[in-house]
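Listed here are the chains, written in short residue letters.
2 protein chains.
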Amino acid sequence: MTKTITLAQGNGGEENNDLIKKVFYKAFKNEILERSEDAAVIGNLAMTTDSFTVSPLFFAGADIGKLAVCGTCNDLAMMGAKPKYLTCSVIIEEGFEVESLERIVESMRAELAINGAVVVSGDTKVVPKGSVDKIFINTTGLGEIVQAGISSNNVSEEDVILINRDIGCHGATIFAAREGIEMSSTLRSDCNSLYPQVKALLDAGVEITAMRDATRGGVAAVLNEWARQSDVCIEVDEEKLPISDEVKGICEMLGFEATALANEGTFVLAIKKGSAAKALEILKSFEVCAMASVVGEVTQKYPKKVILKSPWGTSRFLETPNGELLPRIC
Amino acid sequence: MTKTITLAQGNGGEENNDLIKKVFYKAFKNEILERSEDAAVIGNLAMTTDSFTVSPLFFAGADIGKLAVCGTCNDLAMMGAKPKYLTCSVIIEEGFEVESLERIVESMRAELAINGAVVVSGDTKVVPKGSVDKIFINTTGLGEIVQAGISSNNVSEEDVILINRDIGCHGATIFAAREGIEMSSTLRSDCNSLYPQVKALLDAGVEITAMRDATRGGVAAVLNEWARQSDVCIEVDEEKLPISDEVKGICEMLGFEATALANEGTFVLAIKKGSAAKALEILKSFEVCAMASVVGEVTQKYPKKVILKSPWGTSRFLETPNGELLPRIC
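Protein chains in written order, with UniProt numbering: chain B, 1 to 330; chain X, 1 to 330.
These are calculated hints, taken from the structure and not from any lab test. Not one of these hints is a red herring.
It does not matter which identical chain is used: a pair holds within one copy or between any two.
Straight-line alpha carbon distances no greater than 20 Å define the calculated DMTMM-like cross-link-like pairs of lysine to aspartate or glutamate that follow:
(1) Lys84 - Glu144
(2) Lys84 - Glu31
(3) Lys134 - Glu93
(4) Lys129 - Glu93
(5) Lys129 - Glu94
(6) Lys304 - Asp231
(7) Lys134 - Glu94
(8) Lys129 - Glu324
(9) Lys129 - Glu179
(10) Lys134 - Glu97
(11) Lys284 - Glu239
(12) Lys309 - Glu239
(13) Lys3 - Glu94
(14) Lys29 - Glu106
(15) Lys240 - Glu281
(16) Lys29 - Asp18
(17) Lys305 - Glu239
Just so we're clear, the structure is a prediction, and the values are computed from it rather than from any experiment.
Bound-form chain B, shown alone (with noise of 0.2 Å):
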């Protein structure tokens, strides 16, 4: 590991997974936490926590406050909990504009009604110009797990990959924003709370082996996590990835990957077999998830590997991003 921390340390990839491990890992070893699921399983109940830092604060589609929500709301979720508590501590720079700031919350607040969970403690740290940049916000949640038995750890021959809608809008969006590069009017970031599908899913019996909400690291990371917790070897259909035009062309112009860009509001599933369909018809009665998919399989071809085939034939394996993504992308 490097003397000093990179920017490739934060990027949901190879070098922040090196990180946890050998810095946080070590030192906090326990069972929970080494499950590595995107939320901690405390008997029937759920927690997760995530900072936010992206830049800029308000984007189409949503803005840090919606995100904040979000994404915590969302890890909970991908456990097949119910978001209940939250807990919402911010770190603003002196000279933040107030009505900035109510627009902020006024977003987590219509967030937190569409999940149904509140917010039940807080904190506000001010800091002097310079110490941050306008403004961070750590959201914690607590969840009620209403199904048991999910996880990253469990994916297994008996399942197919799925995903809920098109792929690296959040990571596209944002990168425009920042880049000043005008798009068509139509990309936006697909920051959603996914407690809504997750529930319309397990209340139709759905078997869900497990879910992953495509943060940090994109698709790609999801799935090499998976096939390397499960042991397992993930084959994905490249042309069944859901990518829109709009995403298609910033990965073109730009030299990215969709499936290394991040998302806010989309997530991976392995399903039973025979689940499938009924998970296809339940999402795809979403407006957002109209590209739902079936991207894959499970198979033991090269366990801990996932692998891309092309419409041709031809395949390479996908690997975990590196190096330096977007910083500050959520």
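Based on the hints, put chain X in the right spot on chain B.
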């Protein structure tokens, strides 16, 4: 309220309370939040959050890691809860030394052990130089309530007011460190885990009405919050306030009030009169609590007010601190 956020709005005093009420409570309105306790009470669980921005990161008696674990575990302990599960979310500036991070994480590990708590979920963000000053840490904690009913809303004339140790050490230490003041080598932050002291009191059957650690805003802020929340008058004997010679020195030199200085291992207790002697005896069995003292009583003289009585028979109101106290104190 001002149009832009001021440092005073993060002071733990008047302006801070005003911001919290007008922006956060207004949007997040719910009964749990509005009880304004050190931690939210959810059934038999207590939940609390804090973000730590202290500068310098390492100071006499502790560092930001120890502070983060103590701060959050202490808020749980103040509600009669055993600290159990913490989350740890860090925002690190690119270029921060890995060795410093390891020292900080090691401090957290050691302090978690004292509390018998574990970190179950984490988040690691790295932001470009200039987006944050070195490292900020959020810890959110979940505790199991072992003594229900402890509340800042229940202080009554049946109680006396105690303080567990000499006040103001953390604020004085940070101030001295930041300003490069060379003080006696015995001045050090009081940063310390309070659960062991709370457990000893509860195990002995001490009847505790309320407890609160006197962090930002100091003892003055706590006493005023209690007077207001419980609609009582708290009368404090100035000469009984435990203050070390070192802290007195800093206060005299710089015109501070020790009652407004931040603490990180000092708490105020409202104890049923009949339990006071036992509580004092138990507290004094802890080395750091040699100066534990009964400092005042609860009356109806001036409801919602705190009175400071001098040894010469005069008295004055002790107000909630206001204005720019020391930013980045915790």
